[in-house]
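> Sequence:
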Amino acid sequence: MRVVAAGLLVLLFAWIQGSPLNDLIVWQFDLLLVLVVSWAVGAGPRGGLAIGFAAGAVQDVLIGGGITYAVLKAVIGLAAGGLRPFLHDRQGLVVVPLVVVFSLFQDGVVAILLGLQGFGMTWGQQMAIALPVAAGSALLGWPLSLGIRWLIHCTRNPWALRESQQ
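Just so you know, we're using numbering that gives the first Met the number 0 here: the sequence shown kicks off at 0 and counts up by one.
Simulated from the structure, these hints should not be mistaken for laboratory data. One should not assume that every hint holds.
Label-pair ranges, simulated between beta-carbon atoms [unchecked claim]:
#, residue 1, residue 2, range
1, G107, T154, 28 to 36 Å
2, T154, G114, 13 to 21 Å
3, L11, G81, 32 to 40 Å
4, G114, W149, 35 to 43 Å
5, Q27, V60, 16 to 24 Å
6, W14, R155, 31 to 39 Å
7, G123, R1, 15 to 23 Å
8, M120, R45, 31 to 39 Å
9, N156, I62, 29 to 37 Å
10, W122, T154, 40 to 48 Å
11, D22, W122, 35 to 43 Å
No residue lacks a Cβ here, since even glycine has one placed at the ideal position from N, Cα and C.
Start from the sequences, fold in the hints, and give me the full structure.
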């Protein structure tokens, strides 16, 4: 059930992110990154890696980026899930700084890869694009993380702990 919910969320968020609605708003946002970080904080590193790769693969298919975003979002999901033991994951606001940091990390890696291909930008131009996206994603991060946490809780297997103890 959790895999179906994750797949539907990836497709829904990719559709919203790729729709003209994202171009009409003053601040851009990366809903797939918010999904990856929120899911990873709620489900752990394995769940973060899986949903990160799936979300990145969908984004790569939509924009034609090879496997750049699939690998990037998988690494981000693994890292955010790895931070889970150090975070108070029941608090929704813990996702906000993680979304900002990972958004800037993602945009920085993409800028470096574009620079290696000859499509480089100055640092100021890159930050003029990356900072509003990070801020917009962080703004949506808190309410979306609460909904994603509720979905993870609703789709958990109540017998998993009991089966593993026997």
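> Hints first: check each against the structure and report whether it holds.
Going down the list of hints, with the structure as the test:
| no. | hint | verdict |
| --- | --- | --- |
| 1 | G107 / T154: 28 to 36 Å | 33 Å, holds |
| 2 | T154 / G114: 13 to 21 Å | 41 Å, violated |
| 3 | L11 / G81: 32 to 40 Å | 26 Å, violated |
| 4 | G114 / W149: 35 to 43 Å | 41 Å, holds |
| 5 | Q27 / V60: 16 to 24 Å | 20 Å, holds |
| 6 | W14 / R155: 31 to 39 Å | 26 Å, violated |
| 7 | G123 / R1: 15 to 23 Å | 42 Å, violated |
| 8 | M120 / R45: 31 to 39 Å | 35 Å, holds |
| 9 | N156 / I62: 29 to 37 Å | 35 Å, holds |
| 10 | W122 / T154: 40 to 48 Å | 42 Å, holds |
| 11 | D22 / W122: 35 to 43 Å | 25 Å, violated |
Consistency note: the structure conflicts with the earlier hints numbered 2, 3, 6, 7, 11.
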